[in-house]
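Q: Please work from the sequences and hints to get the whole structure.
Chains A and B supply the protein sequences, listed in that same order. Counting in my numbering, the final residue of the first sequence is number 350, and the numbers go up one at a time with none missing. Counting in my numbering, the final residue of the second sequence is number 350, and the numbers go up one at a time with none missing.
These are computed hints drawn from the structure, not numbers from a lab. Cβ atoms here follow ideal geometry from the backbone N, Cα and C, with glycine treated the same way. Any given hint might turn out to be false.
Stated by the list, open to error - Derived coverage of chain A by chain B (criterion: at least 3 residues anywhere in the stretch with Cβ under 8 Å from a Cβ of chain B; other residues may be distant):
1. 148-159
2. 198-207
3. 237-246
4. 249-262
5. 274-282
6. 285-291
Given next are the chains, with one letter for each unit.
Protein chains: 2
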Amino acid sequence: MSLFLRALRGEDTPRAPIWIMRQAGRYLSEYRALKAQHGFWTLARTPELAAEVTLQPVRRFGMDAAILFSDIMTPLPDMGLELEFKPGPVLERPVRSAADVARLRVPSEDEVAPFVPDAIRLLRRELGDTPLIGFAGAPLTLATYAVQGQGSKEYEEFRAFLRRDPETADELLEKFTATTINYLRAQVAAGAQAVQLFDSWAGIHDLATYRRFGAPAARRVLDALADTGVPRLYIAVGAQHLYPAIAELPLEGVSVDWRMPLSACRSALPGRTLQGNLDPAALLGDAHSLEREATAVLRDGLGGPHVFNLGHGIFKETDPDMVARLVGLVQGFERHAHDVEAPVPARDVA
Amino acid sequence: MSLFLRALRGEDTPRAPIWIMRQAGRYLSEYRALKAQHGFWTLARTPELAAEVTLQPVRRFGMDAAILFSDIMTPLPDMGLELEFKPGPVLERPVRSAADVARLRVPSEDEVAPFVPDAIRLLRRELGDTPLIGFAGAPLTLATYAVQGQGSKEYEEFRAFLRRDPETADELLEKFTATTINYLRAQVAAGAQAVQLFDSWAGIHDLATYRRFGAPAARRVLDALADTGVPRLYIAVGAQHLYPAIAELPLEGVSVDWRMPLSACRSALPGRTLQGNLDPAALLGDAHSLEREATAVLRDGLGGPHVFNLGHGIFKETDPDMVARLVGLVQGFERHAHDVEAPVPARDVA
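A: Shown next, in the form of structure tokens:
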């Protein structure tokens, strides 16, 4: 079994497997060339193109896992929510009322973004031993976006909506939950060997709000995948204050951002494989600072199962040579050669 | 002495004083009228206009403190960094090199944004017993903005800069520190009765980076105000992971955002007056949800000295009637009528 899947099963692997959030994307010239030709939305919805883009970084750098090239908004059109990418997703008609929610369809496993399972089937043939991660947006995050209508710093429309009409918010979350279950089950049936649930905007909410709206929906999605046996990963950025609730979710792994050291995250998220947490800005520094920061993360991760990743998506300004350097560094770091009990130095930036 | 200043001196006041971050601003029609006439930058730099805008919410709602109407970028032009507001501040020439930093001036107490002390002197005559809060951006936050050149979600230019050239970052922080000391000392000399240091973007950094670059600069500013005797407040949003370092700063009060309950913040920030932490989105709900959420904050604040505020700036969409309702509710809540030992219910959003 691959190192990635072994680490997600809780094994203290000889070295930490590595993949990188948004590893298929704009920092790669071969991606930019395809995107210039086809546009983002066509890339995401054409199985051959999505598969090709997914493979690009794995071919170039030899990451230990591939993640399907897609967007968390991909299933929305099949629910009746039309999108445009300009370049971020913008909803033609944001959800604002009970009538808007009532109008939403819950597509079946066969109906929801069928090009995604098609891409997964193509990829499994190409990827060989490299495991493939499927993913979806978590219901709270999809609802946040659907009500706001587009990316936002504060998502105040959604935060107002939760207060003005919590019952309608519940119905909206229910439709996203049912859709996300179908969407992820279809991905697993097509061959995804792990899934990551992106609760990208959960961190804007306080713990009580997250416990009331976000955690129960995420739990239903994760529970509905239990019988598939695939490991379940979860990510929320800037969400350290939510860890008491995230620690209770049925998850094998949690992606953590760079704000809190892995060793502190281990105490907050006991029994989970941790994934992370190099600051993506470390790839914008020089070779020396990258080595220092990446090594600090590797050492800080020794206390339990660890999948190396960035704490958030890679910046489009990143030099691919720095990615190659990082992958080599992580793949050359033998965990068992280091003493877990030795004091781990604080990450020293300067 | 006013309730606000008593609370900042650590007194368990009979009721929590209230003011609201960005209380002078776009949610008020009288502000929008003045801004349409003069533009933001003229309002901020004309003492009579800045004073008038500062007074508007106090006159209308009777908050327990006024905060000078200004912007944290106000001192930058006197350092040689020209700004435009479109509508957020944009630097004509961002700081990117050692030569850019060497070129920056450190204006004296008399030279740095002199219209601000002038506005403070006007305000002290008008405000009577209502205390006036002066403020400035913290050096780390000013440096973040100066390098990035404008508002950003990720501030990746600055995060790269810290890694590529930490020595130049130190020199940049030193110039902002010296300027901020002069700027705040001038505000106190003119009559500001408390100061708040805004480290608005500190939360994007991990604790080690904050300890290396942010905390020492903030400490120097705060130490340089110790002899004035004015209480010192500090705010960083989304910064719960930095509380171990913030707890060591020489501060009388800390503004905390809505993500973490006040009672948990008290444990993380012992011995400080807490200021906060209603979710600004609570003012976008209805009267019922506002009362429930505000009361939960008031009860959660009973464990020590508390200044009621929002956890972040008020949204421009806020109905002023909701603000009036909130001020009345907070000013009518007698702290000593409630049992601190009683279990405080979790904030219930729905």
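Q: Confirm or reject each hint.
A: Here's how the hints hold up against the structure:
Interface restraint, the stretch 148-159 of chain A with chain B: holds (4 residues with C-beta to C-beta distance below 8 Å; minimum three). Residues of the stretch 198-207 of chain A with a Cβ under 8 Å from some Cβ of chain B number 4, which satisfies the need for three, so the listed coverage holds. Figure legend: the stretch 237-246 of chain A, annotated as covered by chain B; annotation consistent (3 residues with Cβ-Cβ distances under 8 Å, at least 3 required). Given a C-beta distance limit of less than 8 Å, the hint that chain B covers the stretch 249-262 of chain A holds, as 4 residues qualify and 3 suffice.
Note: the stretch 274-282 of chain A has 4 residues with beta-carbon separation from chain B under 8 Å; the three-residue rule is met and the coverage holds. With 3 residues carrying a beta carbon less than 8 Å from a beta carbon of chain B, the stretch 285-291 of chain A meets the three-residue requirement, and the given coverage holds.
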